[in-house]
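Number of protein chains: 2
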Amino acid sequence: MKNAFYAQSGGVTSVINCSAYGLFNGFKKHFPNSNIFVGKNGIVGLIEDEIYDLNKTQKSLDLLLDSPGGMFGSCRYKLPDPESESSFYEKIFKKFEDRNIGYFFYNGGNDSADTCLKIHQAAKILNFDLCAIAIPKTIDNDLAVTDNCPGFGSVAKYIAISAKEASLDIKSMCKTSTKVFILEVMGRHAGWIAAAGELANQNGNHVHKILLPEVPFDETKFLNGVSNDVDKDGFSVVIASEGLKNSSGELYSNSREKDSFGHAQLGGLAPKLAELVNKNLNIKYHWSVSDYLQRSARHISSKTDVEQAIAVGEIAANMAVEAKSGYMPIIKRLGNEPYKWEIDFGDLNEIANKEKVLPDNFISNCGFRITDEGISYLSPLIQGESYPKYKNGLPSYEQLDLHF
Amino acid sequence: MKNAFYAQSGGVTSVINCSAYGLFNGFKKHFPNSNIFVGKNGIVGLIEDEIYDLNKTQKSLDLLLDSPGGMFGSCRYKLPDPESESSFYEKIFKKFEDRNIGYFFYNGGNDSADTCLKIHQAAKILNFDLCAIAIPKTIDNDLAVTDNCPGFGSVAKYIAISAKEASLDIKSMCKTSTKVFILEVMGRHAGWIAAAGELANQNGNHVHKILLPEVPFDETKFLNGVSNDVDKDGFSVVIASEGLKNSSGELYSNSREKDSFGHAQLGGLAPKLAELVNKNLNIKYHWSVSDYLQRSARHISSKTDVEQAIAVGEIAANMAVEAKSGYMPIIKRLGNEPYKWEIDFGDLNEIANKEKVLPDNFISNCGFRITDEGISYLSPLIQGESYPKYKNGLPSYEQLDLHF
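Just so you know, the sequences run in chain order A and B.
Using full-length UniProt numbering, read the first sequence as starting at 1 and increasing by one per residue.
Using full-length UniProt numbering, read the second sequence as starting at 1 and increasing by one per residue.
By construction, these hints were calculated from the structure, which means they are not laboratory data.
Fair warning: there could be bad hints in the mix.
To be verified - Label-pair distances were calculated between CB atoms; the ranges are:
hint: 1; chain 1: A; residue 1: Asp401; chain 2: B; residue 2: Tyr339; range: 31 to 37 Å
hint: 2; chain 1: A; residue 1: Lys2; chain 2: B; residue 2: Tyr339; range: 40 to 46 Å
hint: 3; chain 1: B; residue 1: Asp53; chain 2: A; residue 2: Ser396; range: 46 to 52 Å
hint: 4; chain 1: A; residue 1: Leu334; chain 2: B; residue 2: Ser396; range: 27 to 33 Å
Claimed, not checked - Here are the simulated lysine-lysine pairs, PhoX-like style, with alpha carbons at most 20 Å apart:
hint: 5; chain 1: B; residue 1: Lys389; chain 2: A; residue 2: Lys389
hint: 6; chain 1: A; residue 1: Lys391; chain 2: B; residue 2: Lys284
hint: 7; chain 1: A; residue 1: Lys303; chain 2: B; residue 2: Lys284
hint: 8; chain 1: B; residue 1: Lys272; chain 2: A; residue 2: Lys272
hint: 9; chain 1: B; residue 1: Lys340; chain 2: A; residue 2: Lys303
hint: 10; chain 1: A; residue 1: Lys78; chain 2: B; residue 2: Lys284
Stated by the list, open to error - Partner residues are not named here, just some residues of chain A that face chain B (Cβ under 8 Å, in silico):
hint: 11; residue: Pro80
hint: 12; residue: Asp169
hint: 13; residue: Pro271
hint: 14; residue: Leu293
hint: 15; residue: Tyr390
hint: 16; residue: Pro395
hint: 17; residue: Tyr397
hint: 18; residue: Phe404
Ideal placement from N, C-alpha and C gives every residue a C-beta, glycine not left out.
Please construct the entire structure, taking both the sequences and the accompanying hints into account.
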C-alpha cells in the first residue's frame, strides 16, 4: 500500500485544518496500513526536505477541528512548467519514491490547484505512478466549478456579524459624532466577502453600501449615495472590497508590493475612502481593516463551513481509492430551502488559475447592494455556530506535536 | 415618588445596554410606582426634548442584555460651567420638574462623569432636589478610582482572541510570505486595550510587541526588536495603541479632526508602522485596524464583563435609595485567585476628566511587553463567554420599541 503526502498552500482559513482532519481520518479508514506525510509550509517542505511523519504525532488529531491558520504551515510558491523543467519534478518524485508515496493531496485555492495540476501532469509525463488530488480552500470563494469554497462561509459570517455590530455602534454615535463607517475586507478580484455584508441586513438596515471589484468605482455616485444614507438614517455603513477598481480597471487603492505569483499586496483602501468622504461631505468617519482577523476568526466560524471543510477532506480520501488524479472534490448545491449539498468532483484543468467573480444577477442595479438571489446563495453558508473549546478566557487552539 | 432619567454617553461598548438593564430592574424594584425616562442620544435628547417613556415599551427589557451599541443612542456633548451658565441648567431642571424627575443616571466614561458632576453641582447651586449618579462605562479602562471599567473586559477578550488567531495565521504564512502583522487598537492616552494582547501569550508566543501610549516610541529599538522576532520565530505580531507617541509626546500617527471635547480623531498608525517596517527591513507585512469592531463585538463579550456591567447598573439604583448624588458605583477587586470583586462607590470629583494610565509595574523593562503583575490584573476580566442568541446565522440583537 502506498503512503500519502498532504500539504497546505496559499492564504490559510479558519477551517483549513478541518479539511486535514477529514482527509487524515478518511485516508486511514481506506488505507489502514499506509502512512501520511505532511509538508511543512506546503510544497516548500517537500522541496526542502522538511516533511512531518504523522505517525509520530502523539496528540489527538481532533485538535485540528478547533484551530485556525495552517497547522502545518503554508506557502505561496509557483512550480515550474512540467514540460520544460522535468528535472525539477524528477527530484520531487524521487522524494516520493523514497517514502513510497503514491497519493498527493494539495489543500488550497486557485494557485494551489495550479500546483496540484502541474504535479499531476508531470507524473503523466515522467510516467510516475501518482494520484494527485486538490482539496479546495479559499476565503475568496472564487474557485471555479465548485458552488462555494470551504473557508468562505466563516469569513462571510464574520463580516456579516462585524458589520451588524459596528452598525449598531455607529447608529448610537451618529447624532453628534461619527456618521460614516467603512470596513475594508479581503477580495482582490471577486467581491464575495464584501457581498456577505448584505447578510447583516436581514433584520434592519445595517449596511448601506457594498463596494465590489466587479463594479467600477464612481466617486460622485458613491458620495451622493453616502450623503443620502446620512440624510435618511443618520449614518452610512460601507463594506469595501480591497480590490475595488476605478473605471479604467486600476486599483482604487495604491498598491505597492507583489507576491511570488505577481499579485499586488493590497490594503489602504478604507483610509482613502474615508478621506474622500471627509473631504467632500465634511462628515466624521471611522474605518476598519479586518485583514487577517477575518480569515482566522475560528471563534465564530460557520458550522456549515466546518462541515463542508471536513467533507471535502474525507471525499478526497475516497477519490484516492478511485484514483481520480487531477481532480478536486467540489461542493454541489442541491437546494436552498432547506439548504442541501453534496460533494462531487471537478477537473483541475477547469479550476487551476481561474477565478469566479460575482454573477451579474447577484449585484443590484445601483451597483451598491446584493440582490435577493445573491442573498439566497450566501445565507446558507453562514448557518450555525461551531464554537471552539475555551480555556482561561481564550479559545485553546492547541497545536499538534509534529516531528520530521 | 420621583421618576428617573437615564441616558448613555460617549463611545458605546458591547455591554453598556447591560448596565441599562441592571439599572432599570433595580430602580423598578426600589421605586415600583415611579417611571423611567430615557434620553435619546444622551443628554442631547434632554436638551432637544427627545425623551423616551420606558412605560410605553412593549418588548422585553431582556433584549438589552444581548445587543451591542447604545440602545438609546449616545452623544459627545460638553455641558457649560454650572457657576457661570446657570440659565442652561434652569432649563434642564424645568424639564425634570415637568416630568417629576428626581433621579439622574448618566452612563459613560470620563467626559460623561464630568457631565453628571456638573448636573449634580448645578442642582446644588440652584437648590434643585436631584440625585445625580454616574454609571461607569468605557472600553478604555481609564476611569480613576474603579479597579476596572465595564466594557473593557469584552474588548480585552476580543483583542486577545484576535491576536491569537492572527498569530496562527501569520505563523502559517511566514515561510514564503508575510512576516509582520500589525494590529492597531483603540486607546488614546492609556494602553489598556493594547496590553490585553499579552493575554494571547498564555499558551505560546503569539504576540511579540505591544506599543503603548505610556512608552515613547523609539523607531530603532522597535525595528531591531521586530527583526529579532523574525529571526527567532519567523514572524512578529505587533499590537499598537492608536495613541502611540514619539519622544516629544506627539502622536506618532498623523491626527486631523477633533471632536467636541477637543480630542484628536486617530487612526492610520498601523499603515505607518507597516511602512516603517517595510522600508527598513524589507519584510512583507499585513496590518489591521479593529476600530469599532473591537468595541461592538458582543458576539464574544466577556461573561465577567457582562456581569459587572449589570451590577453597576443595579447598584446605581441602590445608591438612588441612599441619595448618593455626585457618586458613581465602582468595581473593587478583592482578590485575584480566585478573582473576587464587589461594587463600592466613588466621588465624581475624583473621577471626572481624570485618566488612569497603565502603572509602571505592568510594563516590562523593554517597554514592549506586559509583566506578570499586569497579566494577573488583566486575565480575570476576560473570563467566561456570554454568547448572544442567534437567528439565521447571525446574533439577533433585537432592538427595543421606543416611544417618546
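Verification of the supplied hints:
{"no.": "1", "hint": "Asp401(A) <-> Tyr339(B): 31 to 37 Å", "result": "32 Å, holds"}
{"no.": "2", "hint": "Lys2(A) <-> Tyr339(B): 40 to 46 Å", "result": "55 Å, violated"}
{"no.": "3", "hint": "Asp53(B) <-> Ser396(A): 46 to 52 Å", "result": "47 Å, holds"}
{"no.": "4", "hint": "Leu334(A) <-> Ser396(B): 27 to 33 Å", "result": "28 Å, holds"}
{"no.": "5", "hint": "Lys389(B) <-> Lys389(A)", "result": "18 Å, holds"}
{"no.": "6", "hint": "Lys391(A) <-> Lys284(B)", "result": "32 Å, violated"}
{"no.": "7", "hint": "Lys303(A) <-> Lys284(B)", "result": "33 Å, violated"}
{"no.": "8", "hint": "Lys272(B) <-> Lys272(A)", "result": "14 Å, holds"}
{"no.": "9", "hint": "Lys340(B) <-> Lys303(A)", "result": "36 Å, violated"}
{"no.": "10", "hint": "Lys78(A) <-> Lys284(B)", "result": "18 Å, holds"}
{"no.": "11", "hint": "Pro80", "result": "16 Å, violated"}
{"no.": "12", "hint": "Asp169", "result": "4 Å, holds"}
{"no.": "13", "hint": "Pro271", "result": "6 Å, holds"}
{"no.": "14", "hint": "Leu293", "result": "5 Å, holds"}
{"no.": "15", "hint": "Tyr390", "result": "6 Å, holds"}
{"no.": "16", "hint": "Pro395", "result": "6 Å, holds"}
{"no.": "17", "hint": "Tyr397", "result": "6 Å, holds"}
{"no.": "18", "hint": "Phe404", "result": "15 Å, violated"}
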